[in-house]
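Chemist: Protein chains in written order, with my numbering: chain A, 1 to 259; chain B, 1 to 292; chain C, 1 to 289.
Hints are computed from structural coordinates only; laboratory data are not their basis.
Any given hint could be a false lead.
Capping the alpha-carbon separation at 16 angstroms, the derived lysine to aspartate or glutamate pairs in EDC-like fashion look like this [said to hold, decoys possible]: (1) C:Lys-158 with A:Glu-238; (2) B:Lys-88 with B:Asp-173; (3) A:Lys-6 with A:Glu-66; (4) B:Lys-88 with B:Glu-216; (5) C:Lys-158 with C:Glu-168; (6) A:Lys-72 with C:Glu-168; (7) A:Lys-221 with A:Glu-238; (8) C:Lys-158 with A:Asp-110; (9) C:Lys-285 with A:Asp-110; (10) B:Lys-55 with B:Glu-134; (11) A:Lys-6 with A:Asp-22; (12) A:Lys-221 with A:Glu-26.
Here chain C is said to cover these stretches of chain B; the calculated rule only asks that three of the stretch's residues, wherever they fall, bring their Cβ under 8 angstroms from a Cβ of chain C [stated by the list, open to error]: (13) 80-88; (14) 97-106; (15) 269-277.
Remember, predicted model here, so these are calculated numbers, not experimental data.
For every residue, glycine included, the Cβ atom is placed at its ideal position computed from N, Cα and C.
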Amino acid sequence: MQTLLKVDGISKSFGGLRAVNDVSFEVEEHRITSLIGPNGAGKTTVFNMISAFLPADAGAIVFQGEPIHALKPFEIARRGIGRTFQDPRVYPEMTVLENVMVGVRQRGGDPLWALLRGKRVNAEWRAARTRAEQMLASVGLAERAADYAQDLSFGEQRFLSLARTLVGGPRIVLMDEPTVGLDKAALGKLMELMTRTVSERRTTILLIEHNMSVVMSVSDKIFILVQGEVVAAGAPQEIRQHPSMVEAYLGQSHAAAGR
Amino acid sequence: MLFVQLLINGLAAGALYALMAVGFAMIYNGTRILHLAHGAVFTFGGYVLYVLAVKLGLHVALAVLGAVILTAVLGALMEILVYRPLRKREGSLEALIIASLGLLTFFQALFALTFGTDTRNMREGPLPTYEVGELIVTALHVLVGIVALVIFPLLQLFLTRTRYGRAIRALADNPRLAVVLGIDTDRLYVLIFALGSGLSGIAVSLIAFDQGVRPEMGFSIMLFILVAVIVGGVGYLPSAAAGGLVLGVLQHLSLWQLSSRWQDVVVFGALVIFLVFRPQGIFGHMLSVRRA
Amino acid sequence: MDYAYHLLVVILLYVALTISLDLLIGHTGILSFGHAAFYGIGAYTTAILTVSAGWHWLPAMIAATLMGALVAALIGILTLRLGGDYFILALFGFQLIVITVILNWESLTNGPFGIRGIPRPSIGPYEVQSGLGVLLFIAAVTALIVLVHWRFVSAPMKSKLHAIRHDETVAMALGIDVVRTKVVVFALAGGFAGLTGSLVAFYLRFIDVNSFTLSTMILLWAMVFIGGTRSILGAIVGPVILVLFPEIFRFVGEQRWDVPNIQQALYGLLLVLLMLFRPEGVAGKRRHA
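Please put together the full structure from these sequences, using the hints given.
Modeler: Structure follows, in structure tokens:
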């Protein structure tokens with residue numbers, strides 16, 4: 001299997017605090033790779049460096065064989081690296097359909113074309129709308145297309161943000177804790193969406209997650225990050241006995257008990 | 001010698017700007033509100049001084065005290081009656097700015113209607129001056145120097161040593177964390193506004209006795225304050241103060257070589273240079289990036 | 001009748017300015033306090049070219065538009081990559097700089113005295129002289145501005161600008177070149193403002209800095225918000241209200257009242273109350289609860 005994304009020795013410090021320390025890992029194509037670890041381990045910081053919202057202090061990030069760490073965030077997105085955030089961050093005053101359409105690149109979105117506007121722009125717009133509608137259907141939000149995004153439940157907003165990112169056809173999606181706030185039924189739908197996205201759309205997923213059962217269930221490979229460093233890596237079965245893994249499980253059940 | 005004289009004048013003007021800039025920066029850092037109506041509070045303080053010292057004939061010290069107290073009250077009221085409801089309603093940034101501009105416009109017109117558009121003078125004749133060698137030092141220069149040397153250290157002490165001062169700094173650093181720590185942000189906001197506004201009461205006392213009071217004075221000084229916070233940077237109070245000082249000095253030193261016509265050009269030219277080459281100001285404390 | 005034409009012209013000019021400012025503030029979230037400066041640059045460009053350099057009115061008008069757009073693009077590139085609050089102060093500063101430059105570059109702009117004797121546009125041998133003729137001319141150009149704006153701001157651009165306004169980070173993560181889009185929008189609005197500046201130059205036949213100050217800027221912002229953002233109807237309502245409201249005082253006005261300051265006081269109060277109770281303005285859409 002091809003390596004799609006390679007993170008090589010990246011580090012990031014904030015003031016005196018080393019949040020990420022010489023982290024390296026590879027993400028294989030058409031697979032689901034998970035980054036797990038306790039809070040504050042630096043996982044979201046790694047995501048921010050890959051999507052260039054934060055510059056890395058050291059190290060390299062290579063995507064499809066090309067270094068990307070000098071690019072700007074929108075360029076990274078255009079290269080095919082999609083990203084969702086811990087909050088769904090949908091656009092509340094737009095409809096569900098409009099939200100998804102923001103994710104589709106089209107001529108009419110270019111300011112110069114928006115002024116000229118002709119048959120081609122309109123045709124592209126209609127095609128974009130169809131794609132958006134199809135994407136909504138595949139995440140189960142088709143009936144909500146005309147509703148305002150702020151009227152959706154949190155779980156629905158989560159799926160909306162996924163649809164918005166996926167509609168652009170990225171080669172890899174960085175998903176930051178997508179399970180937060182989802183109930184059991186929605187969790188099932190999410191896992192099914194993830195596996196379907198990889199198999200049907202040939203997309204790759206890099207996942208940050210705290211929900212261990214989801215992680216164990218969907219991941220092809222897991223990297224454990226503790227205090228900014230990779231402490232273990234392997235397939236779910238291999239890594240299951242690793243002390244950090246056990247701690248993660250315990251931590252999760254402690255939290256569950258405490259609630 | 002002219003140079004030194006201009007330097008003295010510039011420092012005096014700069015201390016004034018510094019006082020205002022620090023008040024503005026304190027409010028901005030603590031509450032993230034671009035309190036353009038700070039100028040209105042300044043003007044209000046001036047008219048309070050006028051009423052107390054001239055109309056009612058009170059002693060200067062009492063008038064100044066009254067100005068400081070009442071400006072603090074006005075600032076606090078602006079927060080309670082206008083900014084807080086807007087914040088609770090998740091008002092957008094634009095709404096806050098418009099509201100602030102509305103306040104500024106309203107008060108300026110109110111003062112013009114109440115006191116007329118002419119400059120009201122606080123005293124007859126020029127200020128007492130002292131001659132130090134070839135230099136002329138006015139009573140105001142002395143006063144400004146004393147005030148600055150007293151107020152800024154006091155402020156620093158307050159912010160670092162007292163409970164409320166530290167809470168204000170915590171709020172400025174990390175608003176959400178402050179809430180989590182159980183700090184009553186509403187009360188703290190009122191305190192910040194009162195404190196910052198009181199500083200403008202002090203500032204206006206320094207200028208009113210020399211130049212009188214007029215309705216537009218707040219608006220004019222806000223323009224300089226904005227330049228001062230860009231030049232000095234606003235994320236750290238001493239740098240805002242430094243920005244004010246630098247601005248005052250620059251403004252007056254420009255008279256050394258250029259005619260007074262060019263003063264504004266020098267000031268705004270400095271603004272351009274900083275905007276283009278060093279937007280974070282001399283000391284590198286940029287404004288918060290609110291979006292993103 | 002002439003006075004009615006005058007009022008209509010003033011309203012139209014403000015409509016043109018309001019709609020271009022709304023493009024910035026309402027649609028894209030660019031909180032620009034420099035708009036009056038671009039308006040002034042357009043007016044002065046037109047005045048200087050027609051009076052000092054003897055240009056024909058049409059190329060002068062085009063030059064004013066281009067100047068507005070180019071200067072806006074330049075300022076935009078310099079400042080739009082910096083954060084929101086910062087940008088606001090920077091544009092305040094830019095506005096002040098433009099005024100200062102105009103006042104001090106006397107050889108070019110005649111300093112505080114302004115430029116007189118700007119010719120009226122002419123079609124062939126016919127100079128646009130009459131009240132009605134001028135009104136139609138300005139109405140035509142304003143209509144052009146509104147049309148171009150409307151075309152630009154239809155879907156999908158509307159959503160894209162909304163996305164940038166509401167959450168830039170997500171917009172970038174979706175592949176939108178936020179900075180470039182903002183610079184282009186800023187240049188477009190600057191061009192509109194420059195064009196409107198040339199209209200005012202032709203109309204009044206005289207310009208000076210007083211029409212392009214921060215007070216003008218505050219008035220423009222008020223028009224955007226009173227009318228309601230992101231709404232062409234709002235861009236008409238705002239100017240209508242704010243131009244006609246002072247006219248009421250003509251009928252009521254006593255000589256001994258300080259009318260301008262009463263207006264200012266009421267209008268400042270209106271702004272505060274508006275933000276507290278009806279931030280979407282007269283014609284804007286209410287945010288959903």
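Chemist: Lys-158 of chain C and Asp-110 of chain A were given as a pair; does the straight-line alpha-carbon distance stay at or below 16 angstroms?
Modeler: holds (11 angstroms)
Chemist: Is the hinted pair Lys-285 of chain C and Asp-110 of chain A satisfied, with a Cα-Cα distance of at most 16 angstroms?
Modeler: violated (26 angstroms)
Chemist: Measure nothing beyond the straight line between the CA atoms of Lys-6 of chain A and Asp-22 of chain A; if it is 16 angstroms or shorter, mark the hint as holding.
Modeler: holds (13 angstroms)
Chemist: With the threshold set at 16 angstroms, check whether the alpha-carbon distance from Lys-158 of chain C to Glu-168 of chain C stays at or below it.
Modeler: holds (15 angstroms)
Chemist: Straight-line Cα separation of Lys-6 of chain A and Glu-66 of chain A no greater than 16 angstroms?
Modeler: Judged against 16 angstroms, a Cα distance of about 10 angstroms means the pair holds.
Chemist: Closer than 8 angstroms Cβ to Cβ for three or more residues is the test here. Does the segment 269-277 of chain B pass it with chain C?
Modeler: holds (count 5)
Chemist: Taking a Cβ-Cβ distance under 8 angstroms as contact, does the segment 97-106 of chain B have three or more residues in contact with chain C?
Modeler: holds (count 9)
Chemist: Below or equal to 16 angstroms on CA atoms is what counts here, so check Lys-88 of chain B against Asp-173 of chain B.
Modeler: violated (21 angstroms)
Chemist: Mind checking the alpha carbons of Lys-158 of chain C and Glu-238 of chain A for me, to see if they're no more than 16 angstroms apart?
Modeler: violated (50 angstroms)
Chemist: Need the status of pair Lys-221 of chain A, Glu-238 of chain A: alpha-carbon distance at most 16 angstroms?
Modeler: holds (10 angstroms)
Chemist: Quick one, are Lys-221 of chain A and Glu-26 of chain A close enough, alpha carbons at most 16 angstroms?
Modeler: Holds - the C-alpha atoms of Glu-26 of chain A and Lys-221 of chain A are around 10 angstroms apart, at most 16 angstroms.
Chemist: Are Lys-55 of chain B and Glu-134 of chain B close enough, with their CA atoms no more than 16 angstroms apart?
Modeler: Cα-Cα ~37 angstroms, so violated.
When each numbered hint is compared with the structure, violations occur for hints 1, 2, 4, 9 and 10.
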